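The opening residue of the sequence shown carries number 71 in the numbering used here; numbering runs sequentially from there.
This list has only true hints and no planted wrong ones.
Computed list of lysine to aspartate or glutamate pairs in EDC-like fashion (alpha-carbon distance at most 20 Å, straight line):
id: 1; residue 1: 72; residue 2: 96
id: 2; residue 1: 72; residue 2: 133
id: 3; residue 1: 72; residue 2: 107
id: 4; residue 1: 72; residue 2: 106
id: 5; residue 1: 72; residue 2: 115
id: 6; residue 1: 72; residue 2: 200
id: 7; residue 1: 72; residue 2: 118
id: 8; residue 1: 182; residue 2: 164
id: 9; residue 1: 72; residue 2: 110
No lab work stands behind these hints, which were simulated from the structure alone.
This one's a predicted model, so the numbers in the text were calculated from it and none came from an experiment.
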Amino acid sequence: MKLSDLSPLMARRQDGGLSYDRFRADPALASLHWPDDVLEQFLFDHGDNAAFAYDYGGINLCEVRWRLEMIPAADFNAMPTGASDAGCIESYAENPVHWVTVRPPEVGRHWKEHGTWLRPPILIARRLLDPSDDGLQVVEGRTRVGVLRGRLRMGLHVASHHQAWVGRA
71 MKLSDLSPLM ARRQDGGLSY DRFRADPALA SLHWPDDVLE QFLFDHGDNA AFAYDYGGIN
131 LCEVRWRLEM IPAADFNAMP TGASDAGCIE SYAENPVHWV TVRPPEVGRH WKEHGTWLRP
191 PILIARRLLD PSDDGLQVVE GRTRVGVLRG RLRMGLHVAS HHQAWVGRA
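From just these sequences and the hints, can you work out the full model?
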């Protein structure tokens, strides 16, 4: 199953008649066995975005298994995102304080107290995109990763490791 196979479901979501609870209950998604957090951030929030589909439309969604992992902060420094959003992580990294302050107050408190994000971002093994590639890529959470990079550069409190949902074959 690819993103394009979910077009009818995405069309119903776009029309506004499909809440997340109804979306995730759709039989087309049952076979994926994806965690709710991944399903919501990956498919519900972005599955019908043209640029997102360009970057991730070739993935066989049934082959991806998700696991919550702890990733070293340093690994995020060079981690790319999809080609359609090239450069956006760096733009967020330029002003991490701003991107935290425009979020709900608990986001800023969490960064200050724990040096990390509240909600784990979505990463994918680059091998799923290109079998000759390695490493991880940011699928969703570009702002969060940008804030992390910016905080590292500014010498602000950053934890040594961060939770992230990682999709692998």
